[in-house]
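Novice: Got chain A; can you put chain B on it based on the hints?
There are 2 protein chains.
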Amino acid sequence: MPADIAGAIAALSHLEIDRKPASVKAKSRDFFWYSPVLKARMDHLQADFVVSPRSEAEVIEVLKVCYAHDVPVTTRGAGTGNYGQAMPLAGGCVLHMRHMAAVKEVHPGRVIVEPGCLLKDLDAHCKAHSGQEIRMFSSTWATATIGGFIAGGSGGVGSCRWGALRDLGNIIRLRVVTMEEQPRVLEFRGEELPRVSHAYGTNGIITEIEMPLAPAYDWVEMFVAFKDFMAAVEYARDLTDEAGILIKLATPIQAPIAHDYFQRVKPYVAPGDNLVALMVAPHSMDGFLTFHARRDGRIIYRSDDNDWAKNPGPVFEYGWNHTTLRALKVDPAITYLQVRFAGDDMLEKIRKVSAIFGDEVLQHLEAMKEGGRTMFASLPLIRFTTEARLDEIVHIHEDLGCMVFNPHRYTLEEGGRQTVDDRQLAFKRQADPKGLLNPGKMIAWDDPDWGYDRMYAYPGMTAAE
Amino acid sequence: MPADIAGAIAALSHLEIDRKPASVKAKSRDFFWYSPVLKARMDHLQADFVVSPRSEAEVIEVLKVCYAHDVPVTTRGAGTGNYGQAMPLAGGCVLHMRHMAAVKEVHPGRVIVEPGCLLKDLDAHCKAHSGQEIRMFSSTWATATIGGFIAGGSGGVGSCRWGALRDLGNIIRLRVVTMEEQPRVLEFRGEELPRVSHAYGTNGIITEIEMPLAPAYDWVEMFVAFKDFMAAVEYARDLTDEAGILIKLATPIQAPIAHDYFQRVKPYVAPGDNLVALMVAPHSMDGFLTFHARRDGRIIYRSDDNDWAKNPGPVFEYGWNHTTLRALKVDPAITYLQVRFAGDDMLEKIRKVSAIFGDEVLQHLEAMKEGGRTMFASLPLIRFTTEARLDEIVHIHEDLGCMVFNPHRYTLEEGGRQTVDDRQLAFKRQADPKGLLNPGKMIAWDDPDWGYDRMYAYPGMTAAE
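Protein chains in written order, with this note's numbering: chain A, 41 to 505; chain B, 41 to 505.
So that you can see chain A by itself, here it is in the shape it has in the complex (with noise of 0.2 Å):
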């Protein structure tokens, strides 16, 4: 059945709608433009309204209204992530969940919060209740939501103690409106969190969130110099392996990214300088700093004590998907990749890597927890030419054994591990029985038999104008 737009619209004229082309073409973007890949495809897409709904009953009373009226809903929490996963691939109607942003209870260990709260007022409103903070967030805190944080992200800033938001215990409860003639309020615990966390709104629309809480120190936050890039990260590595020294942060990056794209750190750094970004506990800075003595790194910026000029903000803001902002503000031909280093010959892979590229592909590491051990995301810079040339990079990677999740991809299983999550699958059967949420993300739902030999395009994409 086609999309009756006019009466969807109507039908929910008494909710906070927004038909403004240009507001609604804002809205109906993320940080997609990261990827040239992407940028090529989706640039053009554009909802046809957008929808600010107050509260879970206007969350439903949207979806019901989607449903009977064959409008696709795609979910946006703050657009900050880089995969088009909030981008509406076939018009329809953009499910904005701004005002949605209370925090409802604070327990020691544990918040409820709702899905549209910006991750800095969420620790914000933790560390004024209790000293606590979030365990882990993106590099964007100071814009992101934690709902777009649980639906599109992985890990981030903290990832380095507490390992990625899949691994258990990292999410407590998900509270779940399905899109039906009439609609189901779920909440999903422990194996079920899997449906649909990190499912970019496919199957279902989050309207509640318990997360654990760790608690607020006032990180000490650094910049470690190194000569040599494999000693900087033997050193966050092995600093990440100190259990007694508290840190959320070991980001190593290397030369020339800091000179040539950290601006306000480029005067004190030469080229040759590869960097550590760190957060350390205050309480952990006396064993911190005596290993940090064993080691040939400088520090050449401390958060609580340093003479610059100006001020270069918090240094997760130089880690996780900013480097790749920074560098991309200075040399739009620069993107990225995500790869992970893992497992006894990860030193080794990195290296190889390193040697096999060159300048082209620049190292940006952060340090992770997985399955008791530490290993690497790892963010590249990637120097793009062409795509056949990007894919060629991937192809590289994967045949030194070293798994890539491509950014390139607004797909779910194109940007993690290429297979179907039947969990998701089976429950986006359930929620979302017309393939209404955010349509074209999920090859599974579209496709079952995609061999993933080259970049899926989703049929029903609204062609460019």
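Everything labelled a hint here was simulated from the structure, so no lab data went into it. Wrong hints could be hidden among the right ones.
Computed footprint of chain B on chain A; a stretch qualifies when at least three of its residues, placed anywhere within it, have a C-beta under 8 Å from a C-beta of chain B [said to hold, decoys possible]: (1) 47-57; (2) 225-232; (3) 279-289; (4) 330-339; (5) 391-398.
With a cut-off of at most 30 Å between alpha-carbon atoms, the simulated DSSO-like pairs for lysine-lysine come out as follows [unchecked claim]: (6) A:LYS167 - B:LYS167; (7) A:LYS167 - B:LYS160; (8) A:LYS474 - A:LYS104; (9) B:LYS104 - B:LYS60; (10) A:LYS369 - A:LYS350; (11) B:LYS267 - B:LYS369; (12) A:LYS167 - B:LYS144; (13) A:LYS167 - A:LYS144; (14) B:LYS160 - B:LYS144; (15) B:LYS167 - A:LYS144; (16) B:LYS267 - A:LYS160; (17) A:LYS144 - A:LYS79.
Glycine included, every Cβ here is placed at the ideal spot set by N, Cα and C.
Specialist: Chain B alone, transformed into the frame defined by chain A:
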């Protein structure tokens, strides 16, 4: 010079001095009797007098007077150590720290405390102040002091998350008084800490301690039963590897220990039941139960939900050296060892040891973090027959590549890595030039050429009457 006991007592008569033989005898003992080897050699030991200072100034006075009168000084907290750490081999003065028990300051992530404070009092103070607690403690938490834990312990409940006391960051600062003509007061941090931590008071007296804190939670305590011991071991290891599930204890205990020695647990287990004792943060229970449901274990006890006729008390009082204590109470022929199982083949080594010894050595393991990996500190129960067989058991472990920290020795070296700790020896030369602090506990001081081919016997030890 022979000790002038009478002269020292006279000079210290304005302090709290105990000379009553029965109570001096009691205050000259620790839990050395866990070891039949130590019991045979140390049971007769007794100081000449006990002094209980009320301040650092009084500690300085005691050390100055005893220095002048050549009186040995052995410091004790609560005397819960197991290696005779706090026992005066050569008589003289026992320095009892019970009156120096003040919690001086609590800050986010750290506490400043006097050494005589009981671990449980310290935790109660920090929890009431700001919902915090110490990162790790010995299973003697209810009776032991923080000073004794640092001077004589190595880790404990919490080490599965934070590693050992010796790991960087797990002690922040120690304030120490030397035993010289004019005692000095020194502050140690970072690389200087190992000079005096775990030194049994052989080279200085700790008068103030700064320790890191973690959030205090209402830990859910559990026993999980397994038919297969190695399944229990894998469960504990894998749970400790889950970065998102916050735990404070993971203790595999081989059958039939629970049935034979844990009287309040016995009604709920069969002789063949192996246990894992656990402490899990309440907000990690969902993640934990998800982990648990994937395994074969059966939760037989939850502190927050059970119908047991008698409260078994804290589960950590079934772990660490309380396992041995409970076995000893039932069967006085039981003693124990301390073995390190680490590395990629640690499970294979545990399997081998179990197969070699059968019931003569029952496994009891404690999950710990070490160098970024989960390993097991083992405190197996040994069915004691002869000292020669005990030594043989040690050698068989060592031949398998397992490091043994022999708890049947009263010296730092023999209970440790059987080598001189140069940092401790060098500091003793500065801080205790007459060698009066806890004499006989540091072989390197007495006999630098000692070969470790047999048990060290301190020549200055008071003879049994």
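Novice: Work down the list of hints and note, for each, if the structure agrees.
Specialist: Here is how each hint holds up against the structure:
1. 47-57: With 0 residues closer than 8 Å to chain B, the segment 47-57 of chain A misses the three-residue bar; violated.
2. 225-232: Result for this restraint: holds, n = 3.
3. 279-289: This one holds; 7 residues, not fewer than the three required, reach chain B with a Cβ under 8 Å.
4. 330-339: holds (count 3)
5. 391-398: violated (count 0)
6. A:LYS167 - B:LYS167: 17 Å, holds
7. A:LYS167 - B:LYS160: Given that 30 Å is the threshold and the Cα spacing comes to 27 Å, the pair holds.
8. A:LYS474 - A:LYS104: The hint holds at about 12 Å.
9. B:LYS104 - B:LYS60: 23 Å, holds
10. A:LYS369 - A:LYS350: Distance of about 19 Å is within 30 Å: holds.
11. B:LYS267 - B:LYS369: The hint holds at about 25 Å.
12. A:LYS167 - B:LYS144: Within the cut-off at roughly 25 Å; holds.
13. A:LYS167 - A:LYS144: 14 Å, holds
14. B:LYS160 - B:LYS144: Status holds; Cα separation ~16 Å.
15. B:LYS167 - A:LYS144: 25 Å, holds
16. B:LYS267 - A:LYS160: It is violated: about 48 Å lies between the C-alpha atoms, which goes past 30 Å.
17. A:LYS144 - A:LYS79: Cα-Cα ~38 Å, so violated.
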